[in-house]
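Engineer: Residue-level listing of the chains:
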Amino acid sequence: MQLLLSLIAIIALAGFAWALGFRSTPVLDDARALAEAEGVLPGFRATGVALADNGRGALLQGADGTLAVVWPLADGWIARRLDADKRLVADHNQIRILLGEPMRKSIELELAGPLPAWLAGRVS
Amino acid sequence: MKLPDPVVYAIPLFVLAIVIEMLLVRRRKTGRYDWRDAAASLTLGLGSTVAGLLSGGAIIAIMLWASRFAVLEIPFAWWAFILCFVLDDLAYYVFHRSAHRIRWFWASHVIHHSSQHYNLSTALRQTWTGFFSASFIFRLPLILLGFPVEMLLFVAGLNLIYQFWIHTEQVDRMPRWFEGVMNTPSHHRVHHAINPRYLDRNYAGVFIIWDRMFGTFEPELGAERPRYGIVKNLPVLNPLWAAFHEWVAIARDLGGAQSLRDAAGYTLGPPGWRPDGGQETADAIRARWSAEHAELKT
Numbered sequence: 001m002q003l004l005l006s007l008i009a010i011i012a013l014a015g016f017a018w019a020l021g022f023r024s025t026p027v028l029d030d031a032r033a034l035a036e037a038e039g040v041l042p043g044f045r046a047t048g049v050a051l052a053d054n055g056r057g058a059l060l061q062g063a064d065g066t067l068a069v070v071w072p073l074a075d076g077w078i079a080r081r082l083d084a085d086k087r088l089v090a091d092h093n094q095i096r097i098l099l100g101e102p103m104r105k106s107i108e109l110e111l112a113g114p115l116p117a118w119l120a121g122r123v124s
Numbered sequence: 001m002k003l004p005d006p007v008v009y010a011i012p013l014f015v016l017a018i019v020i021e022m023l024l025v026r027r028r029k030t031g032r033y034d035w036r037d038a039a040a041s042l043t044l045g046l047g048s049t050v051a052g053l054l055s056g057g058a059i060i061a062i063m064l065w066a067s068r069f070a071v072l073e074i075p076f077a078w079w080a081f082i083l084c085f086v087l088d089d090l091a092y093y094v095f096h097r098s099a100h101r102i103r104w105f106w107a108s109h110v111i112h113h114s115s116q117h118y119n120l121s122t123a124l125r126q127t128w129t130g131f132f133s134a135s136f137i138f139r140l141p142l143i144l145l146g147f148p149v150e151m152l153l154f155v156a157g158l159n160l161i162y163q164f165w166i167h168t169e170q171v172d173r174m175p176r177w178f179e180g181v182m183n184t185p186s187h188h189r190v191h192h193a194i195n196p197r198y199l200d201r202n203y204a205g206v207f208i209i210w211d212r213m214f215g216t217f218e219p220e221l222g223a224e225r226p227r228y229g230i231v232k233n234l235p236v237l238n239p240l241w242a243a244f245h246e247w248v249a250i251a252r253d254l255g256g257a258q259s260l261r262d263a264a265g266y267t268l269g270p271p272g273w274r275p276d277g278g279q280e281t282a283d284a285i286r287a288r289w290s291a292e293h294a295e296l297k298t
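As given, the protein sequences belong to chains A and B, one line each in that order.
For reference, each letter of the first sequence is one residue, going 1 to 124 in this note's numbering.
For reference, each letter of the second sequence is one residue, going 1 to 298 in this note's numbering.
These aren't lab readings, by the way, just hints derived from the structure by calculation.
It should be emphasised that the depicted structure is a prediction, and the values quoted were computed from it without experimental measurement.
It cannot be assumed that every hint is accurate.
[Unchecked claim] One-sided excerpt, in silico: chain A residues whose CB lies under 7 Å from chain B:
id: 1; residue: ALA14
id: 2; residue: ALA17
id: 3; residue: ARG23
id: 4; residue: GLY43
id: 5; residue: ALA74
id: 6; residue: ASP75
id: 7; residue: GLY76
id: 8; residue: ARG104
For glycine and all other residues, C-beta sits at the position ideal for the given N, C-alpha and C.
Please construct the entire structure, taking both the sequences and the accompanying hints into account.
Structural biologist: Right under this line is the structure:
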């Protein structure tokens, strides 16, 4: 009974949050993508940004030559550094990033523009 | 002496406070809520309660057994409750610092930091695996000293209730004397932040004096807004993954360990420890950040 009441309370509170409008799906611009990557990835300094066509992700080039990716989760973002062991597969401006994480195997982004030169060397 | 569990009585207030905070966030446009994140936090809170019910009997049995070796017999007196509350908070500080510095305990505690939001629902993200990680051992010295088990569990409940209200961005600063002695929303925002300046600071439960005494205090700066979460934020909101992901990571690392030293480092070293030296520990991140800032200043 207590468990059932707790579950009802959870649904009610989450529903209340939804009703209040806490359900946004944010969109990235260059500055936001840069801030997300630099704010979360220790030591990462971005020198290039390639946004997804729908603003729901971005690939970034770091000053040290490394790459990073930013993608959405709920009303926020997740950022990962793409070390050399992470594969990127491109089909025109459609990019598939093989993260290999237990809960996130890959990410797909359709870039807004053509593949930037700094990305060309990493994709296969 | 039979004492009530104060947390049970506080739950309706928790719910009411969350509703009020949501309304404040909407009205003031400060702070953040997301319905999916809040649902995950509340589910994790429920899971923690269930885990507590399942393991609570065993923990109490261990505490009662340990009480047979107590050096003193401390009575149920008002002064004993106060002393127990203060010393329990010191034990909490030691536990909490260990929970951030030793991966074994971090695996159990990380659930509490796994949200990128900082609001009252985040406070309810509590461990599911506290019994497995044996984090109750940090309170055993008080039992061995002679505090009754019932008294200790009662003050531990009060400690948990106190810590609920500090998980908010709706309170900026408390009066100066209060900020000097007590843990506050401002101090605890620093604790939940992943900015290198703030990383692994302010471990206090109720009294911030422990951090001031032991050199782990960091004030919140107006110029540097905390960014919440963990160094490698979870890519999903799945509560099961939030509860167990670090244990899975430990198991995977142990599977690839080349020596006993590596195995010890993976379990008892700080989170982010790696045998190859490419470390992402809090100390390494802060050291790199300090070096970068020193370069910028010169």
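Engineer: None of the hints should be skipped; say for each whether it holds.
Structural biologist: Right, here's what the structure says about each hint:
{"no.": "1", "hint": "ALA14", "result": "holds (4 Å)"}
{"no.": "2", "hint": "ALA17", "result": "holds (4 Å)"}
{"no.": "3", "hint": "ARG23", "result": "holds (5 Å)"}
{"no.": "4", "hint": "GLY43", "result": "holds (5 Å)"}
{"no.": "5", "hint": "ALA74", "result": "holds (4 Å)"}
{"no.": "6", "hint": "ASP75", "result": "holds (4 Å)"}
{"no.": "7", "hint": "GLY76", "result": "holds (5 Å)"}
{"no.": "8", "hint": "ARG104", "result": "holds (4 Å)"}
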